Amino acid sequence: MSPSPEVLQKLTPVLTKRWLSPDAWRINTYEKLDGYLGLKKALKSHPDDLIALVKDSGLRGRGGAGFPTGLKWSFIPQNDGKPHYLVVNADEGEPGTCKDLPMMMNDPHALIEGIVITCYAIRAERAYIYIRGEAVHAARRLRHAVAEAYARGYLGRNILGTGLNVELVVHSGAGAYICGEETALLDSLEGFRGQPRLKPPFPATHGLYSSPTVVNNVGTIASVPYIVLGGVDWWRQMGTEKSSGPMIYSLSGRVVNPGQYECTMGITLRELLELCGGMQPGHELKFWTPGGSSTPLFTAEHLDVPLDFDSVAAQGSMLGTTATQIFSDQDCPVYATYRWIEFYAHESCGKCTPCREGNYWMARILRRILSGAGTYDDLDTLLDACDNLLGRSFCALGDGATSPVTSSIKYFKQDYLDYIEGRKKPLLDARELVGAH
Amino acid sequence: MTVTQQKDGEIVETVTLTIDGIETTVPKGTLVIRAAEALGIAIPRFCDHPLLDPAGACRQCLVEVEGQRKPMTSCTTTCTDGMVVKTQLTSPVARKAQEGIMEFLLINHPLDCPICDKGGECPLQNQAMSNGRSDSRFVEEKRKYPTPLAISTQVLLDRERCVLCQRCTRFSEEIAGDPFIDLMERGAAEQIGVFSDTPYLEGDHAATNTSGDPFNSYYSGNTIQICPVGALTGSDYRFHSRPFDLVSTPSINEHDAGGDAIRVDHRRGSVMRRLSGEDSAVNEEWISDKTRFAFRYANGSDRLVYPRVRDEDGTLRETSWSEALLVAAEGLAAARDNGGVGVLTGGRVTVEDAYAYAKFARVALATNDVDFRVRPHSAEETAFLADYAAGVSPNNGGVTYTDVEQAPAVLLVGLEAEEEAPSLFLRLRKGNRKHGLRLFSVQPFASPGVTKANGTLLPVVPGGEAELLTALAGDAIGPSAEAEQARSAVRTDGAIILVGERLAAVPGGLSAAALLADTTGARLAWVPRRAGDRGAVDAGCLPTLLPGARPVSDLSGRVELASYWGVDSLPSAPGRDTAEMLVAAATGQLAGLVVGGVDPGDLPDPAAAEQAMEAVGFLVSLELRDGWVPQHANVVLPVAPVVEKAGSFLNWEGRLRIFDTVLSTGAMTDARVLNSIADEMGIALGTGDPRRIRAELAGLPAHEVRPTPPSYPAAELPKPDAGQAVLASWHHLLDLGSLQDNAEFLAGTARPAVVRLSAATAAEIGAQDGAQVTVSTERGAITLPLRISAMPDRVVWLPTNSAGSTVRRTLGTDAGAVVSIRTDGGARQAGDGAGHGTGDGAGHSTADGAGHGARHAQSTEEDQ
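Protein chains in written order, with UniProt numbering: chain E, 1 to 437; chain Y, 1 to 864.
FYI, nobody ran anything at the bench for these hints, they're computed from the structure.
Watch out, some of these pointers could steer you wrong.
What the hints assert, rightly or not - DSSO-like mimics (lysine-lysine), calculated; alpha carbons at most 30 Å apart, straight line:
| # | chain 1 | residue 1 | chain 2 | residue 2 |
| --- | --- | --- | --- | --- |
| 1 | E | K41 | E | K82 |
| 2 | E | K242 | Y | K70 |
| 3 | E | K82 | Y | K452 |
| 4 | Y | K28 | Y | K434 |
| 5 | E | K242 | E | K55 |
| 6 | E | K40 | E | K55 |
| 7 | Y | K96 | E | K413 |
| 8 | Y | K96 | Y | K142 |
| 9 | Y | K452 | E | K199 |
| 10 | E | K242 | E | K424 |
| 11 | Y | K452 | Y | K434 |
| 12 | E | K413 | Y | K70 |
| 13 | Y | K434 | E | K199 |
| 14 | E | K44 | E | K55 |
| 15 | E | K55 | E | K82 |
| 16 | E | K55 | E | K17 |
| 17 | Y | K86 | E | K199 |
| 18 | E | K425 | Y | K142 |
| 19 | E | K32 | E | K17 |
| 20 | Y | K142 | E | K413 |
| 21 | E | K199 | Y | K28 |
| 22 | E | K199 | Y | K96 |
| 23 | Y | K28 | E | K82 |
| 24 | E | K82 | Y | K434 |
| 25 | E | K424 | Y | K142 |
| 26 | Y | K96 | E | K410 |
| 27 | E | K82 | E | K32 |
| 28 | E | K410 | Y | K70 |
As the structure is a prediction and not an experimental result, all values here were calculated from the model.
All chains should be built: construct the whole structure from the sequences, respecting the hints.
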């Protein structure tokens with residue numbers, strides 16, 4: 001069944017528009033397809049006007065929190081005598097999220113162009129892309145693209161003869177989820193152990209090397225050239241009043257055609273499912289994440305929730321990274337939760353007590369439930385552990401970890417009880433528990 | 001709405017907030033947890049420590065703040081105007097949050113309190129009782145670790161007890177500057193660990209612990225004390241005692257001139273451990289490992305218990321106090337009348353003992369031949385001390401720790417603070433870290449203490465200090481860019497010059513320092529190495545200075561003092577200093593010597609000193625432990641160690657640090673022994689009771705006449721040929737000093753002894769880094785592995801009194817002398833770096849052997 005025209009209308013390829021072009025990642029292709037025109041246009045305006053433009057566009061951060069980008073830029077103190085830095089967070093690690101890596105694989109120059117424009121706007125002469133350590137392929141392609149951009153004069157000294165200088169470094173992390181947290185990322189980039197910093201002071205004044213720093217997601221920065229070229233009005237045609245522009249929804253799980261679907265913000269899962277060919281045959285939607293595992297689960301009753309920042313929040317979840325993982329009636333929410341908590345336990349940096357201990361021990365309890373040795377008290381303990389973790393941890397990692405636990409117990413308590421009361425065969429056995437990780 | 005108010009004459013911005021319904025006004029920037037403390041509200045905490053930067057890691061101190069949607073950590077939240085805070089006392093949310101965190105912390109804690117050193121004084125134990133749930137709901141198996149992990153020979157880590165508050169790692173990074181431990185792994189596997197790969201700590205930080213891992217910190221013991229659980233324990237104390245069996249007595253550090261407040265814990269007559277006391281004006285809450293762990297020196301089998309007298313046939317026999325005092329009194333009276341008696345007090349003396357020696361010399365022995373210095377010294381120093389040290393204290397404008405911390409710039413000359421004044425080093429580092437203090441150090445190479453305080457080195461050849469200081473005092477540019485920085489820095493308001501005792505050995509050095517201070521307006525302070533030195537100056541243990549900073553040459557001062565003491569007159573001729581007394585003793589000009597805690601090995605020429613003491617007609621030794629001097633004395637009178645007596649030290653600031661008896665053993669102080677000898681001589685010295693001595697000292701009429709500052713010329717620098725070098729040397733904090741005896745775990749963290757040369761000089765003699773280099777004089781030779789350092793050419797550095805490097809004993813000389821250097825040329829070999837010197841062949845004892853010989857021959861040597 002092909003999608004209806006109304007739904008097809010909501011498909012708005014902007015950042016993804018070049019992805020299917022042959023050799024889309026090469027600078028020649030990019031230049032042919034409007035590449036670096038946004039930069040040339042941007043360099044003719046005043047940096048403050050660019051900040052105002054991005055503010056007016058309503059662009060919100062694509063990394064999960066949805067902080068207004070223009071506002072973030074305007075926090076950078078000007079004429080303070082300190083170097084300014086732009087750091088692009090390409091440490092895409094949220095389970096289910098797959099939008100930045102294909103972006104950097106297919107259209108790295110859009111990111112580079114966005115970086116140069118942003119550096120010009122915030123008066124930074126040095127930018128870093130902090131890319132996830134495992135993404136070797138993307139890092140390689142990105143480095144190649146950076147070299148191309150240097151060769152063409154889009155990076156380096158006196159860019160396009162305007163006197164603008166921007167040095168760009170691609171830095172690979174070492175594979176830690178916590179380094180997606182902006183201050184942990186900065187510590188890691190400085191060569192320290194990746195752990196979140198005490199805030200305040202905030203990165204806008206004391207970021208990289210204690211200097212004013214903007215940390216933005218790949219998708220955020222890559223949007224900038226389009227806003228500059230297309231203008232505020234065009235950008236605001238897409239999305240909603242408070243969540244403007246297009247958004248890349250990464251669909252995965254029990255759907256016919258998983259992948260990245262760039263749609264106007266506020267599309268619903270029902271429409272997205274139409275675009276991706278629906279659920280796989282024989283599968284019925286049971287639960288899904290609106291924005292990665294750190295966002296509370298949704299169920300089939302949320303099929304018509306508009307997927308924009310505010311509508312999703314109003315329904316008790318978060319838009320997050322728009323990583324839409326779709327699970328069916330053949331998937332077990334208890335096991336999924338267990339796997340997620342194992343992930344958080346493994347990725348907790350260990351700095352603060354509730355996240356370090358809470359996740360570790362919750363994973364132990366979930367494992368016991370799945371092995372058929374759970375008790376009714378375990379559910380209360382899990383919920384109370386979440387209560388002692390949510391809002392008590394040092395950074396948002398701990399907060400996010402409670403989402404799958406509380407939401408799965410909220411919607412699927414019966415599944416837990418099935419294991420506890422012996423109606424479901426244990427998924428894990430004792431042997432598996434020995435030395436399991 | 002921020003108000004300003006007068007507080008101690010200062011204008012302080014304040015904020016007013018409410019905590020648990022109580023309105024309070026605190027200085028702006030105060031953390032909520034501190035404001036609550038001031039109200040008597042104890043918020044539980046682990047990672048928080050007032051002297052460490054806020055971390056917010058343990059989350060135990062969560063409180064509810066009105067208007068905030070989640071609980072806030074009170075250890076990271078600063079008070080703001082109008083803030084309404086509710087702690088666990090009034091907020092169910094805060095109480096629940098704290099109980100939740102405590103439950104998380106306790107899930108993995110072994111709860112082995114009954115066998116844990118910390119049990120009974122444990123913040124985790126206490127706060128689990130006051131702020132925790134009654135039971136845990138988590139039943140899974142706990143994480144286990146091999147235990148203990150040796151962080152060094154003296155600090156052990158039980159990781160399963162650790163709550164990962166990171167106080168220890170933050171201490172090592174923020175306070176000590178020695179990155180000897182850090183977090184490893186992440187999540188539930190996170191743990192405190194030590195670096196095991198050597199490359200991290202190559203160079204000046206390299207040292208080895210028992211596992212062969214690099215380890216080096218003089219302050220690591222503090223981590224044991226600030227650990228809020230029993231995770232870090234001391235090898236020496238582990239499983240030896242329970243806190244509730246100990247009797248705690250506040251005391252004062254006797255190992256250096258810092259005057260650190262300490263706490264001595266004893267049980268059934270023996271000291272079990274020492275902790276740092278709290279004194280924000282002095283050592284804050286930190287002490288060096290030497291101060292913490294070196295306290296068993298008086299417990300050995302060499303402790304003197306009974307007096308001894310030498311019989312006609314030359315044998316030394318134990319005897320009664322009455323006989324020994326009588327023999328001493330008669331012998332001293334006879335010697336006094338047949339040429340005179342000199343008094344060498346040593347540097348370990350308390351103020352009271354020093355005063356007794358000074359008074360005994362003047363009243364009972366009728367001489368000014370008294371000196372506390374058992375190290376290289378000079379007449380220039382005598383004059384300098386009279387002007388720049390005697391009588392100076394924080395009460396009359398003396399430089400203090402706080403002044404140093406707040407100073408814009410500090411210039412060190414002849415002073416390696418980390419090695420010679422460890423508490424001062426921590427203040428210098430804190431000043432740099434918190435207030436931008438700029439440290440300049442005049443020495444041959446940048447030692448770890450200079451590097452860690454972000455100091456700037458002003459390199460000199462030993463002996464060249466005077467010339468450099470004079471240049472800084474002058475108007476001419478140079479001699480280097482660093483010197484130019486120092487020239488302007490030392491002229492900034494509040495700049496401080498600190499000179500160490502070693503500058504006494506540089507002709508013109510102290511004069512030049514005084515000149516520099518006078519020219520620039522910088523303040524000048526003298527920082528000796530030993531605990532007793534500063535007090536001995538004020539007590540009058542100098543040949544030209546009477547108690548209370550009265551010059552011997554000043555008639556009115558003498559008359560005043562004589563009348564105060566109730567004697568007819570005081571000797572008017574200036575006395576001899578230590579070196580002169582030893583020469584006089586050797587040549588028969590002096591008939592007797594009274595020797596306190598002196599080890600001949602500390603004197604510039606130990607062999608000559610021993611010859612002098614053997615030659616003198618009558619030798620009285622007041623000693624703690626058997627050693628060379630008691631073995632050669634006519635009368636030996638045992639005296640009490642610091643722990644067994646009451647008294648006081650003047651620290652380098654001139655601050656009086658009074659301490660009481662920890663162990664009452666009946667052992668007599670030097671002052672009381674001298675009092676008894678004087679009694680036998682028919683003289684009432686009145687030094688039997690330390691409180692009476694302090695009252696007598698305090699009651700001394702104020703003295704106004706000040707001597708003139710010294711003005712001695714600099715000496716010409718020696719010009720060593722190829723194969724020769726000018727010797728530079730100072731003591732390592734942890735070395736062969738006898739006060740560190742019987743502290744084997746402490747000894748394991750001593751820095752290895754190395755010889756240092758510049759790259760060019762090493763090349764000149766054909767030595768590679770790590771090669772065995774031999775430093776020799778006509779007397780002997782020291783061979784140690786080479787560490788090539790950035791330093792002036794044809795300068796060689798050796799530690800003064802370390803294993804394999806007893807410079808004065810083996811070489812018979814000291815810093816500033818020209819010595820020969822040569823090498824076998826070989827590169828670094830396996831096993832090098834352990835600091836074992838090898839011998840120089842026929843005619844010379846091995847350096848190592850000399851080291852041990854010297855160590856065992858020492859008695860109460862106070863080599864600090």
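Against the structure, the hints come out as follows:
For a cut-off of 30 Å, the pair hint linking E/K41 to E/K82 stands: about 27 Å separates their Cα positions. Restraint check: the Cα-Cα separation between E/K242 and Y/K70 comes to about 25 Å, which is no more than 30 Å; the hinted pair holds. A threshold of 30 Å between alpha carbons decides the hint, and for E/K82 with Y/K452 the separation of about 26 Å falls inside it, so the pair holds. Restraint check for Y/K28 and Y/K434: satisfied, since their Cα atoms lie roughly 17 Å apart, inside the 30 Å limit.
Between E/K242 and E/K55, the direct Cα distance comes to roughly 12 Å. Compliance with the 30 Å bound is thereby established for this hinted pair. Distance check on the hinted pair: E/K40 and E/K55 sit about 20 Å apart at the alpha-carbon level, within 30 Å; holds. Distance check on the hinted pair: Y/K96 and E/K413 sit about 25 Å apart at the alpha-carbon level, within 30 Å; holds. For the hint linking Y/K96 to Y/K142, the alpha-carbon distance of about 24 Å falls within 30 Å, and the restraint holds.
This hinted pair checks out: Y/K452 and E/K199 have alpha carbons roughly 27 Å apart, not beyond 30 Å. Between E/K242 and E/K424, the direct Cα distance comes to roughly 45 Å. Violation of the 30 Å bound is thereby established for this hinted pair. With a C-alpha separation of about 14 Å, the suggested pair Y/K452 and Y/K434 falls inside the 30 Å cut-off, and the hint holds. Annotation: proposed proximity of E/K413 to Y/K70 holds, straight-line Cα distance about 27 Å (limit 30 Å).
Of the pairs offered as hints, the one joining Y/K434 and E/K199 holds, with about 19 Å between alpha carbons and a cut-off of 30 Å not exceeded. Note on E/K44 and E/K55: the hinted pairing holds, with a Cα-Cα distance of about 18 Å set against a maximum of 30 Å. At roughly 24 Å between alpha-carbon atoms, E/K55 and E/K82 fall within 30 Å of each other, so this suggested pair holds. The hinted pair formed by E/K55 and E/K17 meets the criterion: a straight-line CA distance of about 24 Å does not exceed 30 Å.
Taken as a hint, the Y/K86 and E/K199 pair is honoured in the structure, with Cα atoms around 22 Å apart against an allowance of 30 Å. With a CA separation close to 27 Å, the supplied pair E/K425 and Y/K142 stays within the 30 Å bound. As the CA atoms of E/K32 and E/K17 are separated by approximately 13 Å, the hinted pair is consistent with the 30 Å bound. Straight-line distance between C-alpha atoms of Y/K142 and E/K413 comes to about 28 Å, which keeps the hinted pair within the 30 Å bound.
Restraint check: the Cα-Cα separation between E/K199 and Y/K28 comes to about 18 Å, which is no more than 30 Å; the hinted pair holds. Under the criterion of a C-alpha separation no larger than 30 Å, the hint pairing E/K199 with Y/K96 is consistent with the structure, at around 24 Å. For the hint pairing Y/K28 with E/K82, the CA-to-CA distance comes to about 27 Å; that is within 30 Å, so the pair holds. For a cut-off of 30 Å, the pair hint linking E/K82 to Y/K434 stands: about 20 Å separates their Cα positions.
Using a Cα cut-off of 30 Å, the hinted pair E/K424 and Y/K142 holds, with the two alpha carbons roughly 28 Å apart. Between Y/K96 and E/K410 the alpha-carbon distance is near 22 Å, which keeps this suggested pair within the 30 Å criterion. Between E/K82 and E/K32 the alpha-carbon distance is near 38 Å, which puts this suggested pair outside the 30 Å criterion. Proximity of E/K410 to Y/K70 is assessed by CA-CA distance (about 22 Å); at most 30 Å being required, the pair is judged to hold.
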